[in-house]
Amino acid sequence: MNSHRADVVIVGGGIMGAATAFFLRKRGASVILLERGLIGQQASGTNFGNVRRMGRPVEQLPLSNRSRESWLKFKELFGEDVELLLNGQLRVGFTPEHEERMATYAQDAKDFGMGMQMMGGKALRERFPYLGPDITAGCYAPFEGHANPRLAAPIIGRAAVREGAQVFENTEIVSVEKEGEDFRVNAADGRTFRAPVALITAGAWGNLISTSFGEPVPMIAKAPQMCVTEPVPYVIGPSIGALIDDPDQLVYFRQVARGNIVVGGGGHELADIENRRAYVNPRRTLLKLKNAPRVMPAFNRLSIIRVWSGIEGYMEDSRAVMGPSARVPGLYYAFGFSGHGFQLGPGVGDVMAELIHTGATTTPIEHYHISRFAKQAMQAA
Amino acid sequence: MGQSRVIVVGAGPAGVRCAEVLVAAGIKPILVDESRRDGGQIYRRQPEGFTRSYPSLYGTEAERARALHQSFESLRSRVDYRPETLAWNIYDRQLHTVSAGVTKALPFDALVVCSGATDRLMPVKGWHYAGTYSMGAAQIALKSQACAIGRQVVFAGTGPLLYLVAAQYVKAGAKVAAVLDTSSLWKRVRALPKLAARPRVLLNGVSLMRTLRGAGVKVVTGIEPVEIHGSDEDGVRGITYRSQDGATHRVECDAVALGYHVRPETQLADLARCEFRFDAETRQWLPTVDQDGRSTTPGVYLAGDGARVLGADGAEIAGKLAAWALLEDMGHPVPDAERAALRREREAMDRFRQGLVEAFPWPAEQAARLPDEAIVCRCEAITAGELRRVVNQMGACEANRAKAFSRVGMGRCQGRYCGHAGAEVVAAAAGIALEKVGRLRGQAPVKPLSMAVREEQE
Ligand SMILES: Cc1cc2nc3c(=O)[nH]c(=O)nc-3n(C[C@H](O)[C@H](O)[C@H](O)COP(=O)(O)OP(=O)(O)OC[C@H]3O[C@@H](n4cnc5c(N)ncnc54)[C@H](O)[C@@H]3O)c2cc1C
Ligand SMILES: Cc1cc2nc3c(=O)[nH]c(=O)nc-3n(C[C@H](O)[C@H](O)[C@H](O)COP(=O)(O)OP(=O)(O)OC[C@H]3O[C@@H](n4cnc5c(N)ncnc54)[C@H](O)[C@@H]3O)c2cc1C
Chain A
1 MNSHRADVVI VGGGIMGAAT AFFLRKRGAS VILLERGLIG QQASGTNFGN VRRMGRPVEQ
61 LPLSNRSRES WLKFKELFGE DVELLLNGQL RVGFTPEHEE RMATYAQDAK DFGMGMQMMG
121 GKALRERFPY LGPDITAGCY APFEGHANPR LAAPIIGRAA VREGAQVFEN TEIVSVEKEG
181 EDFRVNAADG RTFRAPVALI TAGAWGNLIS TSFGEPVPMI AKAPQMCVTE PVPYVIGPSI
241 GALIDDPDQL VYFRQVARGN IVVGGGGHEL ADIENRRAYV NPRRTLLKLK NAPRVMPAFN
301 RLSIIRVWSG IEGYMEDSRA VMGPSARVPG LYYAFGFSGH GFQLGPGVGD VMAELIHTGA
361 TTTPIEHYHI SRFAKQAMQA A
Chain B
1 MGQSRVIVVG AGPAGVRCAE VLVAAGIKPI LVDESRRDGG QIYRRQPEGF TRSYPSLYGT
61 EAERARALHQ SFESLRSRVD YRPETLAWNI YDRQLHTVSA GVTKALPFDA LVVCSGATDR
121 LMPVKGWHYA GTYSMGAAQI ALKSQACAIG RQVVFAGTGP LLYLVAAQYV KAGAKVAAVL
181 DTSSLWKRVR ALPKLAARPR VLLNGVSLMR TLRGAGVKVV TGIEPVEIHG SDEDGVRGIT
241 YRSQDGATHR VECDAVALGY HVRPETQLAD LARCEFRFDA ETRQWLPTVD QDGRSTTPGV
301 YLAGDGARVL GADGAEIAGK LAAWALLEDM GHPVPDAERA ALRREREAMD RFRQGLVEAF
361 PWPAEQAARL PDEAIVCRCE AITAGELRRV VNQMGACEAN RAKAFSRVGM GRCQGRYCGH
421 AGAEVVAAAA GIALEKVGRL RGQAPVKPLS MAVREEQE
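Chains A and B supply the protein sequences, listed in that same order. 69 is the number that the UniProt record's numbering gives to position 69 of the first sequence; each next residue is one higher, with no gaps. 51 is the number that the UniProt record's numbering gives to position 51 of the second sequence; each next residue is one higher, with no gaps.
Honestly, the hints are just simulated from the structure, not real lab data. Hints should not be assumed to be uniformly reliable.
Stated by the list, open to error - DSSO-like cross-link-like pairs, simulated, lysine-lysine; straight-line CA separation at most 27 Å:
hint, chain 1, residue 1, chain 2, residue 2
1, B, Lys125, B, Lys187
2, B, Lys218, B, Lys171
3, A, Lys290, B, Lys218
4, B, Lys194, B, Lys125
5, B, Lys104, A, Lys290
6, A, Lys73, A, Lys110
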């Protein structure tokens, strides 16, 4: 049987896997990257496209900032343009309580270089005249942005290949086993891949593999709901998100350079990871259509041309699993990014490569260690 | 037991005949159609207030048109007819419709989709200039509004509609500058045995040719369109084609009607999660149906040109067969002998359909020869060269991947017009079989949906 070997074998070719492959090559390790479909076809290629730090838990900001370094020199680093637009991020609220929440966050996260500015309703409408009359306050972070998710992970994947990574698409992995000092990774078609180090970046499917090593995690697969309008003249600038208490009523949007406005929100559906299907429930589409004009009344003059969704793994505590296995030496995880991993992608790749190469990281990631679920796993066993 | 909730989408020949059978069995279906009036594509009715006669509107098909319209009138009080209502989504056994800014979710036990067909298009350099219409749009302008798309019109492409619409223009007194057919006379001759399966229709076709010749219209076969000339300000000014001997010729005109036969409208079937299969004969993906129109999704039936292009008479039969299939699945009796007879009749039509496919083939090979600067996706203005670039440099050999990288099929039409040609360009550039390119995943809405819609409960 066909067998391949390398220093590191990575299972899952989303943005996490592709970026880690790239940065491992930069550090001189030989890498095999295995992807069931095509690079970046799942969450990494279907997400909303926000490249923002604002709103993330404060303990995630160092990682997010590290990722930002790669985003800012994306083309230089990975060789192709990713349509990154750095026109800021705006959160808007409708109640004094929202305002207070935004102000608290701006205070708590003030040391992370986001330059957040609180703005009142009037100032907001002067600067962003398209905003609706119900908005009472906002927080503006001028350096944030968004990029094209359909392009990002494939670009990083191609860059990894140019750096010498061996990338195998259309390669479904059915099991990962430890065999002596090596991991043996078995594809559905009988090919095998070996390496002393294995990294699992299988997104919403990561739990299936960690469970096979006795490390199950509380994760469910969700399908956030997206839609897009026809193209209209470019006016919006920042990527905008409304603070709304009921997640089903949530709405956020960004305008791409060619004019279409991508609108997310309306809550989640559960995703079917077995059949790899994430459906859009029209009820949620209609919720978005109802709520979006509250933020920007001009939405009422636009039409949507398409809806879509993607499959993302959400952890019970909304924190990813990232770092070494608690049980198996040489095994590493980076999955379950709970709806905000696109921005983190290059940073996660950078940090995981550092961790695998040096055994430590300069960016703190203890928060994400899988051992936090060990107790549960014991109880389940 | 409550009344079965049955919905029929489309009030063309298939939908009306389907509803008729359902009503006869005591069911009151909801009949949804996005048009203002019944009749569907071929028997499209003129707006109220227009008074052209049946023969002037429908020519040789006047009697069939009248019969269908009369059947519909007699059904009207017994169906819940909803004109100007677009079916924009199917989810969880509910059909989502929108009409006059109001969206509703209609639960169904059974759904018959009779969504018809639209033009199949192959791009040509310059087809984005104002004045290039699809064959269907050219015909609708005439049928519905009694106006021509230009003062000097060239009809280019292939298929029965090419001659039909050109002849309709001649009869309406419009100037037809040329009819340019990519298929050769020879192919038509070879298809004759199959076309003879429907002598009346074949004769109609011959008489269209006679009309065109009688009017002195230049008809050239075996051509390849090279370029539509024009400018952004003035629109279309002419068209250049290559004749079989390799020479190029230019015809002056101010409008071009373009079409390569038709393709089923299958988004609703897609949203109903019906399976599709690749049809090698016509080089496209079609929903899988049994002989009576059962799709692979229980309770969802597909009839008429929306499932398989058999023409209007075939659509009437398919509508009835689908209604009987539905009734049978619900435990109603069905007239076996009549059904068997209709199935046989439809077989002859299927033979004729194959004849048409052979006589007027989709010019797949043109996709490979499209110049790089020709626009493939008009909504997003993406060229053949750009599409080839994502194939060659980014390895995007699958339809959805090529779309993700290039945006072909991402605009307003969602690939309904450019999807087939785009897939051919990808297949040719990648050097793989068309089937391997796959098909674009369908998503709601079926057509753009206003964000100002209000939701109402039924
Ligand atoms: C609709 C949506 C909107 C989002 N919006 C944003 C946003 O605006 N900003 C943001 O920062 N984040 C956003 N996210 C989250 C972000 O997309 C994800 O966190 C991130 O892409 C995760 O990357 P990943 O590589 O871990 O996962 P994925 O991209 O899902 O990659 C995992 C890969 O592993 C492969 N795989 C799994 N199992 C196997 C196996 N057995 N064998 C071989 N391969 C396997 C899969 O095929 C897949 O390609 C959004 C997510 C979704 C779904
Ligand atoms: C442009 C064009 C011109 C044609 N001209 C001729 C001709 O002159 N002579 C001839 O013999 N044949 C002609 N044909 C073929 C002929 O129209 C068909 O064979 C016949 O109309 C098929 O009947 P049908 O009931 O399957 O579909 P159609 O007659 O097309 O009816 C489909 C109906 O469904 C409705 N519909 C579709 N989708 C939705 C939706 N999502 N929501 C709500 N309503 C929907 C449409 O509004 C339409 O009324 C033409 C076809 C086309 C495409």
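Starting from the hint list further up, note which numbers the structure goes against and sort them upward.
3 and 4
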